[in-house]
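Engineer: The listed protein sequences derive, respectively, from chains R and L.
Numbering of the first sequence is given in this note's numbering, commencing with residue 1 and proceeding in unit increments.
Numbering of the second sequence is given in this note's numbering, commencing with residue 1001 and proceeding in unit increments.
Because the hints were derived from the structure by calculation, they are not lab data.
Keep in mind that a hint or two might mislead.
[Said to hold, decoys possible] Using 30 angstroms as the maximum straight-line C-alpha spacing, the simulated DSBU-like pairs for lysine-lysine come out as follows:
#1 Lys1242/L <-> Lys1220/L
#2 Lys1307/L <-> Lys1284/L
#3 Lys1207/L <-> Lys1220/L
#4 Lys1207/L <-> Lys1242/L
#5 Lys61/R <-> Lys1207/L
#6 Lys1058/L <-> Lys1220/L
#7 Lys1058/L <-> Lys204/R
#8 Lys203/R <-> Lys1207/L
#9 Lys1058/L <-> Lys61/R
Bear in mind that the values here come from a model prediction, so they are computed numbers and not experimental data.
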Amino acid sequence: MAFWGKNTRRADGFFQNDKKPASTGYLPLANCTNMANTDWTDEALIAGIQAGGSAREEALKRIYLLPGLRETVIRHILEHGGSRQDAQDIFQESLILLDRNMREGRFEGRSALSTYFVAIAKWRWVTVRRQQGRYTDIAPAHYDAEVESPEAEAIRTEYRQLFQEALGQIGERCRDLLRLYQMDHSMEEIARMMQYGNADVAKKEAYRCRMRFRELLENNPAFAALRES
Amino acid sequence: MSRFDQIERYLQGRMPAEELRAFESELATDTELAALVRQHRLERYGMELLVERDLLAKMQAWDRETELFQQVQPRRAVLRPMTWVLRAAAVLALAAFGYWLLRDTSATSTEPPSSIVRTKPEIKPRVPTVRKRQQPIPQREDVPAEAPLEDVAQQTPEEPAPAPIEEMADGEDLDYAALADEFFRERDFVAPTSSKSGATGYDQALKNFQDGKYNEVISKTIPDGGANAVEQKELLALAQYKSRRYADAATTFRGIMAAGQQPYAQRAEWGLVLALLQELPTRKGEFYRALTDILRDPEHMFYSKAKRLEERL
Chain R
1 MAFWGKNTRR ADGFFQNDKK PASTGYLPLA NCTNMANTDW TDEALIAGIQ AGGSAREEAL
61 KRIYLLPGLR ETVIRHILEH GGSRQDAQDI FQESLILLDR NMREGRFEGR SALSTYFVAI
121 AKWRWVTVRR QQGRYTDIAP AHYDAEVESP EAEAIRTEYR QLFQEALGQI GERCRDLLRL
181 YQMDHSMEEI ARMMQYGNAD VAKKEAYRCR MRFRELLENN PAFAALRES
Chain L
1001 MSRFDQIERY LQGRMPAEEL RAFESELATD TELAALVRQH RLERYGMELL VERDLLAKMQ
1061 AWDRETELFQ QVQPRRAVLR PMTWVLRAAA VLALAAFGYW LLRDTSATST EPPSSIVRTK
1121 PEIKPRVPTV RKRQQPIPQR EDVPAEAPLE DVAQQTPEEP APAPIEEMAD GEDLDYAALA
1181 DEFFRERDFV APTSSKSGAT GYDQALKNFQ DGKYNEVISK TIPDGGANAV EQKELLALAQ
1241 YKSRRYADAA TTFRGIMAAG QQPYAQRAEW GLVLALLQEL PTRKGEFYRA LTDILRDPEH
1301 MFYSKAKRLE ERL
């Protein structure tokens, strides 16, 4: 059972099954003088996120501070029964989901990045409303794409607290290491960033931290109960 | 290559096509391998939370940068609409004051003088006098009984005690309860679904909470020190909050903070801020201490909300 597409990553950073996105030219409001967005096309942003490291951070920051994007999300949430607080939270969660989908190769490039971002926000708001038991007036047509399979979404929700508890106990260094590992940094990069002697040492440490995380999960009876349900 | 590395490469989508086909056919028949892959996948979901948390902290930093950027921008754009509103308000205030002045003088000049009516003075009941030893009261021999005694003139009138001067606290016109309600969101604390941890007591309490039966949650939830005691306490605190028992909620949140278990402790810190906000302007000192504790930690999961609350105050 697959929760995300099995895409082989090509040498150019794109996944095998991705259609290279058509050039969408400049992003909307690219002439905003306080950000100098004119160099950041959709392709550059996608490539930056998938490259990881400082390029990913810069690309995500550009999207986060893109003029008009936040207002579009806020307007949608307010029009569909949410508050400004909800809108702010949904906006941030949408960037997290966008980042994850980009890294996992789930973005097919059929729409502009800002359009995709807003679609994620709409999907996320529908999900939240459904979880609150208040999903009555929003039809599936109100969101444009399924961002994540219901199964994956359910797992993330149900296991979240258990994951947080275990991660809270593995120590700061292990958390940093596992985060870099999860973001697909090579062991050489991890060794350099975490100041390990070499890639082999980094790999052993990553394995040790991973086993510690696994042990904490398996020692939690709630985790076993959830897994068997 | 170890099985661990192989499964990781499979889940990361880094397998060459041929190896991928072989692995998937093995996966279809080997239940142990399938269980192991599922375990890896769950762990990767968990590790994704680290990436999520890191990105959230970055977004908060970007928000702070943006705020600093706005602070150094010229404030004319902000002040300009305010200036003419203030001018209009000042003109209206002057006009109202002028109208009051004119109305007051014209009323007294146009009213006809009231006629003087002489009536027999009403004899008021005698009020006890305060005798000063330094000044003996002169005796009067031919004072008529019905005439008011001169002692009355020597009375020290009892002045009412001056009303205490109430200091207008800053922001006293703020509706703190409405502000707290604006910032309170259930999903910051309670998972929307049941814990599925096998703790039927907790699941029933959660159902009662979601159905709005807060009194039932309060009366029936007794944290038992078991595996999900902190979860139970959190639910209890939220039920107390929703029942407007803010002092009780604050106490329960403090108990969760003392246990130190994350992420409950951080959620409890935010819950404490909101409970104390509901009780403002009393407990002001406690409220600001609780808020400051969150603002001291930029990586706190409620840092951005605390920042926004601070701005609103």
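Engineer: If a hint holds in the structure, say so; if it doesn't, say that too.
Structural biologist: Okay, the hints, checked on the actual structure:
no., hint, result
1, Lys1242/L <-> Lys1220/L, "holds, 16 angstroms"
2, Lys1307/L <-> Lys1284/L, "holds, 17 angstroms"
3, Lys1207/L <-> Lys1220/L, "holds, 13 angstroms"
4, Lys1207/L <-> Lys1242/L, "holds, 15 angstroms"
5, Lys61/R <-> Lys1207/L, "violated, 40 angstroms"
6, Lys1058/L <-> Lys1220/L, "violated, 41 angstroms"
7, Lys1058/L <-> Lys204/R, "holds, 29 angstroms"
8, Lys203/R <-> Lys1207/L, "violated, 45 angstroms"
9, Lys1058/L <-> Lys61/R, "holds, 8 angstroms"
In terms of the numbered hints stated before, the structure departs from hints 5, 6, 8, listed from lowest to highest.
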